[in-house]
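J.: Take the sequences, apply the hints, and build the full model.
The lines below spell out each chain.
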Amino acid sequence: MIIDDKMIDYIGELARLKLKQEEKENAKNEINKIIDYMDVLNTIDTSNIEAMSHAFPVKNVFRKDDVMPSKDRDDILLNAPNKKDGAFKVPKTFE
Amino acid sequence: MEFLTTMGLEVHCELSTKTKIFCSCSTEFGGEPNTHVCEVCTGMPGSLPMLNEQVVEYAIRTGLATNCTITQYNKFDRKNYFYPDLPKAYQVSQLYMPICQNGHIDIEVNGVKKAIRIKEIHMEEDAGKLIHDPWDDCSLVDYNRCGVPLLEIVSEPDFESGDEVIAYLTKLKSILQYIDVSDCKMEQGSLRADVNLSVRPVGQTELGTRTEMKNINSFKAIARAIEGERKRQIEVITDGKKVVQETRRWDDNKGSSFAMRSKENAQDYRYFPEPDLVPIEISDEWIEKVKNGLPELPTAKKERYIAEYGLPEYDVDIITGSKYLVKIFEKATEICGEPKEVSNWIMGEVLRMASETSTEFEDIKFNPDSLGKLIVILKNKVINRNTAKEVFEKVFTDDIDPEKYIKENGLEMVTDNGAVEAIVKAVIEANPKAVAEFKGGSAKVKGFIIGQCMKQLKGKADPGTVNKIVAEELEKL
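Those protein sequences? They're chains A and B, same order as listed.
Taking my numbering, the leading residue of the first sequence gets 1, the next gets one more, and so forth.
Taking my numbering, the leading residue of the second sequence gets 1, the next gets one more, and so forth.
Check each hint, because a few of them may be wrong.
Said to hold, decoys possible - Straight-line Cα separation of at most 20 Å, DMTMM-like style, residue types lysine to aspartate or glutamate; simulated pairs:
id, chain 1, residue 1, chain 2, residue 2
1, A, K59, B, E53
2, A, K89, B, D137
3, A, K64, B, E108
4, A, K64, B, D137
5, A, K64, B, E57
6, B, K323, B, E334
7, B, K458, B, D398
8, A, K89, B, D136
9, A, K59, B, D137
10, A, K84, B, E32
11, A, K89, B, D85
12, A, K92, B, D85
13, A, K64, B, D180
14, A, K64, B, E53
15, B, K18, A, D65
16, A, K6, B, D268
17, A, K83, B, D133
18, B, K79, A, D65
19, A, K83, B, E57
20, B, K171, B, E108
21, A, K89, B, E53
22, A, K84, B, D133
23, A, K83, B, D137
24, A, K89, B, E32
25, A, K84, B, D85
26, A, K59, B, E285
27, A, K84, B, E356
28, B, K331, B, E362
29, B, K88, A, D75
As the list claims (entries may be wrong) - Computed Cβ-Cβ distance ranges for the label pairs, DEER-style:
id, chain 1, residue 1, chain 2, residue 2, range
30, B, A300, A, N82, 46 to 56 Å
31, A, D4, B, Q245, 48 to 58 Å
32, B, I131, A, L17, 25 to 35 Å
No wet-lab data here; the hints were simulated from the structure.
Backbone N, C-alpha and C define an ideal beta-carbon position, used for all residues, glycine too.
T.: Right, here's the structure in full:
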């Protein structure tokens, strides 16, 4: 798999990033290096190895359905770049 | 050209757990914006989710009640997309190993039975709410709903008509309510349906291009959206154009759907396994335990009511269709031991009062025992049927105790036949003209006399007794 200009534009769009030409070139080189490394990993025979998504064999970590107090609203909104009436304020969106 | 319609449904149902799926914030509906939130459900960096066990339990329950196979080793995945209602920029969901698979729900439309296959049921988190602020030309985000547990129930494309869709949703809703996993309040968004729809000319075996209509939140709106979209697609094809695969939004006020902007349409979610949550392993014992705890489901209940009580199928369909009517039926029957009578009261007075007062079944407040008691009182001829209906209205609206209410308002029937006789005699004496007509052969007059007597008795007499005494007295003339 090769990451070309078209793919970089597409990934940029998905990530909501406006990239300058220079940044696109950089990203392209870096992502291609990562993909190359994946190709190296792909040469290893894993046919008898079960796929895993976690490094540790831990399963069934659960929490009981008990309500705990929520955070103070002012604290939660502390990092919001914009707020109004107790809500996060964002550019207009269409649902 | 004649067309066939094919539909599939994705139903989102909010689970009625007390807390969110990955944190201990309350799931309570309403509340001031952003008061049921914490680091986890607002996606603060460094916070870690922890799965609510009850969500898994409810998912297993739902899977078993819809004839699914439970995936004993399953896990979560991230669905990536940018939208301000989702602070992490991904939704935790299940793509590769959903918790339930390959089930079915049996429906019946116009006497024809059909199984609708369920492809899968998966667990996921709900998103926040965006409120558009017209004064500021911005959107305000409330994350109270963000992280509320959802089940997404995905059907196969097995629907051929709007009636089948409605029958399926009605059945699904009643199952979810029976097994106590969701209140399914469509007006509060705890049950929402997305409809995938395609049309194709009769004779063509290959399915047409489908569109998806999102988040329609009433049964009536769903029926209208289906009809509207079917017509639109047929028009597109008849005009020689092609249906475009896209997500459309149904505007129920305008009665038409419109395509969502193509950017929102870009469906590349780049799913990958969620590294912050560990896999779930569901043992045979766990499944067995949940299975044993399941209540009797609508279909089984319906069959039992017909076999055990000999009730008409139509009535049983209505009653078993709602766990709230079932509760009234079973409690009242327990008190009075008259299932047929209880069923008649539900089909008559309960439904009438619910419709007259615009009360949803789940919001009916009266104690079901009162209906049972009222039926016993009626059976013992303490009051007559008309009075019983009046008392029931009070039971329905004010949840009064029928026995006490009848006593306090002196509604008991006059059981003293001597008293009834005296009134009958007085009425006959006071109406010589009517009596003359009776003698002249007019039978109608008897009804008039009975009416006058009941009026004097303020309706508190057994109509049979009054009827008999009036007949006797008139004979004597």
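J.: Each of the hints needs a verdict: does it hold here or not?
T.: Taking the hints in turn, this is what the structure says about them:
1. A:K59 with B:E53: The hint holds at about 12 Å.
2. A:K89 with B:D137: OK: A:K89 and B:D137 at ~10 Å, within 20 Å.
3. A:K64 with B:E108: violated, 39 Å
4. A:K64 with B:D137: violated, 42 Å
5. A:K64 with B:E57: holds, 11 Å
6. B:K323 with B:E334: holds, 16 Å
7. B:K458 with B:D398: violated, 23 Å
8. A:K89 with B:D136: holds, 10 Å
9. A:K59 with B:D137: violated, 47 Å
10. A:K84 with B:E32: Distance ~13 Å between A:K84 and B:E32 Cα, so the pair holds.
11. A:K89 with B:D85: holds, 11 Å
12. A:K92 with B:D85: Holds, at roughly 12 Å.
13. A:K64 with B:D180: Judged against 20 Å, a Cα distance of about 18 Å means the pair holds.
14. A:K64 with B:E53: Roughly 6 Å between the alpha carbons, so the hint for A:K64 and B:E53 holds.
15. B:K18 with A:D65: Holds, at about 6 Å.
16. A:K6 with B:D268: holds, 15 Å
17. A:K83 with B:D133: holds, 12 Å
18. B:K79 with A:D65: violated, 25 Å
19. A:K83 with B:E57: Given pair A:K83, B:E57 is violated - Cα atoms ~38 Å apart, limit 20 Å.
20. B:K171 with B:E108: holds, 10 Å
21. A:K89 with B:E53: Given that 20 Å is the threshold and the Cα spacing comes to 34 Å, the pair is violated.
22. A:K84 with B:D133: holds, 10 Å
23. A:K83 with B:D137: Answer holds: A:K83 to B:D137 is near 13 Å, not above 20 Å.
24. A:K89 with B:E32: OK: A:K89 and B:E32 at ~15 Å, within 20 Å.
25. A:K84 with B:D85: holds, 16 Å
26. A:K59 with B:E285: holds, 16 Å
27. A:K84 with B:E356: Roughly 42 Å separates the two Cα atoms, so the pair is violated.
28. B:K331 with B:E362: The given pair, whose Cα atoms are some 16 Å apart, holds under the 20 Å limit.
29. B:K88 with A:D75: Holds. B:K88 to A:D75 sits at ~18 Å (cutoff 20 Å).
30. B:A300 with A:N82: 46 to 56 Å: Given range 46 to 56 Å: holds, Cβ gap about 55 Å.
31. A:D4 with B:Q245: 48 to 58 Å: violated, 26 Å
32. B:I131 with A:L17: 25 to 35 Å: holds, 27 Å
Checked against the numbered hints listed earlier, the structure breaks hints 3, 4, 7, 9, 18, 19, 21, 27 and 31; every other hint is satisfied.
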